[in-house]
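Enquirer: Chains A and B, in that order, are what the protein sequence lines are. Following the numbering used here, the numbering of the first sequence begins with 4 at its first residue and continues without gaps. Following the numbering used here, the numbering of the second sequence begins with 4 at its first residue and continues without gaps.
Don't read these hints as lab results, they were simulated from the structure. Incorrect hints may appear among the rest.
Which copy is meant is left open, so a pair is good if it fits within one copy or across any two.
Derived SDA-like pairs (lysine to any residue); straight-line CA-CA distance at most 20 Å [as the list claims (entries may be wrong)]: (1) K127 / P158; (2) K442 / R92; (3) K251 / T477; (4) K442 / Q91; (5) K222 / A194.
It should be emphasised that the depicted structure is a prediction, and the values quoted were computed from it without experimental measurement.
As a plain string of letters, each chain reads:
Number of protein chains: 2
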Amino acid sequence: MVRRSLSVAIVCSLGLLTAVATTFAQNRNAKQASTATSAQRTAAAGTPAAGTPAAGTQTAGEVPPPPPAIEISREALAGAIGVREVAQRSDESTQLLEELTTEVGQRFTGTAGDKAGVEWAVKKLRALGFENVRTQEVIVPRWIRGEASFDVLSPFPMPMVTTALGGSIGTADEGLEGPIVMVQDIPALQALPEGTVRGKIVFFNGRMERTRDGSGYGKAVRVRAEGPSIAAALGATGIVIRSVGTSKNRIAHTGTLSYKVSAPRIPAVSISNPDADLLERQVAQTRPGGKIAGNQVMVRMRVTARDLPQVRSANVIGDLPGTDLANEIVLIGAHLDSWDLGQGVQDDGAGVAIAIAAARAAVAVNPRARRTIRVVLFANEEFGLSGAARYPLEEGDDNVARHAFAMEADLGDGPVWKLSARVPPTYWATIEQVHRVVKSLDVELGDNVSAGGADLGPLRRRGVPVLAPQLDATTYFDVHHTINDTLDQVDPSHLRQSTAVFAVAAYAAAMVDGPTPRLPEEQAQ
Amino acid sequence: MVRRSLSVAIVCSLGLLTAVATTFAQNRNAKQASTATSAQRTAAAGTPAAGTPAAGTQTAGEVPPPPPAIEISREALAGAIGVREVAQRSDESTQLLEELTTEVGQRFTGTAGDKAGVEWAVKKLRALGFENVRTQEVIVPRWIRGEASFDVLSPFPMPMVTTALGGSIGTADEGLEGPIVMVQDIPALQALPEGTVRGKIVFFNGRMERTRDGSGYGKAVRVRAEGPSIAAALGATGIVIRSVGTSKNRIAHTGTLSYKVSAPRIPAVSISNPDADLLERQVAQTRPGGKIAGNQVMVRMRVTARDLPQVRSANVIGDLPGTDLANEIVLIGAHLDSWDLGQGVQDDGAGVAIAIAAARAAVAVNPRARRTIRVVLFANEEFGLSGAARYPLEEGDDNVARHAFAMEADLGDGPVWKLSARVPPTYWATIEQVHRVVKSLDVELGDNVSAGGADLGPLRRRGVPVLAPQLDATTYFDVHHTINDTLDQVDPSHLRQSTAVFAVAAYAAAMVDGPTPRLPEEQAQ
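Based on the sequences and whatever the hints tell you, model everything.
Expert: Okay, here's the thing in structure tokens:
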């Protein structure tokens, strides 16, 4: 789950972007209490919602009269409850995830697994009754992880569990040796006296915080994305980071780095949290007051990673046609690719399963969904968001204009703990309706500033409103981007609940009246 | 933690042998309720205890008058409470374990780490005031793990997380390919029609049960120890086992196998539990009713393990001298070696730390411990119990006769949940006294049939009574024999409690009156 913007790679996800956006909104509304009320939530999006009891009570006097709230009909609401029940009774998402894991496994961009994943998805969507099932060719990078080793040579020789960061160059055959300079984060690195890291290997030792909304990841991941080039610009010969993950297991976390063109490329690896603890203890002993003060911790890292020429992958798309508004689309997205270490289960097989099963549940009731429910399984999210960028280009402006709402599942199996969105304020009433339907599934009402996931960025920026059921990320980063991303880590009851919430949201989005909604410019960015 | 007897390797530990012995005892006393009373516990050892309220009420009439119970004095009891308090206030065991992990790490038999461990232990015991600190040379095997890979080739190609079983031979350079035959255990393998596994690779898929006393390990481990030779005798070309461990992590568990001279040697690996789940699902699809019934699951395994000539290691011994009974010894043992994958923390750095810190706490009060408290850190427990076998031979019969009691810590950081023993029945009253002192630390009173740990076997068989504080093994087998055996998995409060219980037991053993106790023949075996 990585998003690369033009100059700097920032990792995004439903939860993360929501958190960032919430921070912005809170800054703008500094006097608001941190627990948002309904009015605050919608106010944060720029305009108070109509049709809610609290609306208009926030900043009395200067607010223009709100436009009429848009809601779904009483019959559609009954249908939404039906969708919830259908999804709650089904274990289709678990079955899909088990099949994908058993028959395909890892689907790292450009590999045979990626290709097998595309074939599986096409076959599966067809078998499940999707129409117009098709692929969209996407050109993707091909990077070979190879082998990596990271050994402390002195003072206390120890091998460590390591893996290359995605996109890292390899070392020379004999590896790269040097002393370690330990820092917590990029500001700490930049605060060191000039020349401190020249010819040395920088060890970023900052810990990721465990959070429900995944915001701990957003904070910790900067060293992975930007660390290599910033350290290289200061003369470092390599970097090693504490895994950007919350696991206490001896498992290293990968994920993309982003080399700047302005700095030398240097090899970059991560080590597991327990190994980082050990390295930290060795470094502590070499510092003033330590048992062997004045010594250096020397390490050797070896990476055989390399780039190959670009190859082809594909977005996979399938539709479940609507009725009177069939020309309009409610998109449920997930990404089909995964990292190579695990089996792409929580990231993002779970999202694939949720998207497909939710779409199916959303068309299983009466009244029938009016808009077409479309599942899009994006290619190569992990290594550059290639599929997400390609999708609106392939669709063309006319077709993008037919996308009424979009949603995405890319933060594990859930459960959904909060229903957020980024919709034109008049549609907030619909979000509240959806919330009332899923409240019994332990879902809180969120805010209207969620970005809705990395793969939705290109659509959102073109004005497509976003529904954002937020998946609980508390344990997600224990397995994310590691060999531990396997089916054994999935809770079928979570998957079922998440599917139900996505299904209800998709159904409501397919039922709501009115012209195709567009986000105003300030919400689209 | 592995014990090899002459023909068959059976894995033993405090908890495991206790469990086995308890079973025997229960069979002999089939009418007894499963929840043992005090009288039942001592009766199970052959003779009812005197001095306990329940004694003599069990099988009235035929029991000879019990010999007088042996207890420690009121002053010694006060001293024992003092020992408990000293140990409870100290974090010495945690400090020791952190040092051993940071400065030495893994101590696999015959490696540089093993040597560094011996050097660390000698230095540490001397620094902590132990007397007569010395090493005993032990000849040990030297096995190189090398690399291992295990890949499913068809129907669904997938790499799996694997490691060689300890002592496995290597495969040919190009690896070993073949179809999988999946069975749950050895009886299931032996029940197959003749020729079923000829030229194939046997997959032992039985799951280990999580238990507090570690008995799940004893049941599950047989496939690891005996599986290779039994499968080879049936014509198999290799074996793969589901990890003998309780972790859901994608981490493979090693441990010794035991090749029989009567069967061809075949390579043997384990795969992680999640990988075994995956392999099981693939096999299921090839069976009747499966999606691709009639197909075979083909795999390739590759192992570069090999044996080198034997090398030298050492037991490390240190004494804290007693007073009027200083000629007699209370031994606290642990093993200094570890497997190579992790850092030897729970297995058995924790035991090393408990033994040293408990011995020190046991001599920190008045009245002073009368017998000498000896710490013995055994060489090569994991790969053949070499140090345990060597110790009584080096000591000689006269010195072994001076060993009053022995105890051992080799089941992780604890806490101690039960106080068991194998002592002459007259000493059971002392065990009950010890239990009253440690009851406030949530310790149950156990039974008098514990074997007390693999490294104590040779002493016990020579009549040395055993005190057996039983360490809680509920989570131990999540990390045991894996790369996950690191300091991060240790709970300092557990380590402190375990140290306190071992210290109180050692102190009481050092204070009890009477001639040097010997186990009667039927208890010694």
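Enquirer: All hints are to be evaluated individually against the structure, with a verdict given for each.
Expert: We went through each hint and held it up to the structure:
Proximity of K127 and P158 under a CA criterion of 20 Å is satisfied inter-copy only: 18 Å between copies versus 55 Å inside one chain copy. Taking identical chains as interchangeable, the C-alpha atoms of K442 and R92 lie at most 20 Å apart only when both belong to the same chain, with a minimum of 17 Å there against 49 Å between chains. In the homo-oligomer, the alpha carbons of K251 and T477 lie at most 20 Å apart both inside one protomer (14 Å) and across protomers (18 Å), since each shortest distance falls under that limit. In this assembly of identical chains, K442 and Q91 lie within 20 Å of each other by CA distance solely inside one copy; the values are 14 Å within and 49 Å between copies.
With identical chains, the CA atoms of K222 and A194 are at most 20 Å apart within one copy only, with a shortest distance of 19 Å there and 57 Å across copies.
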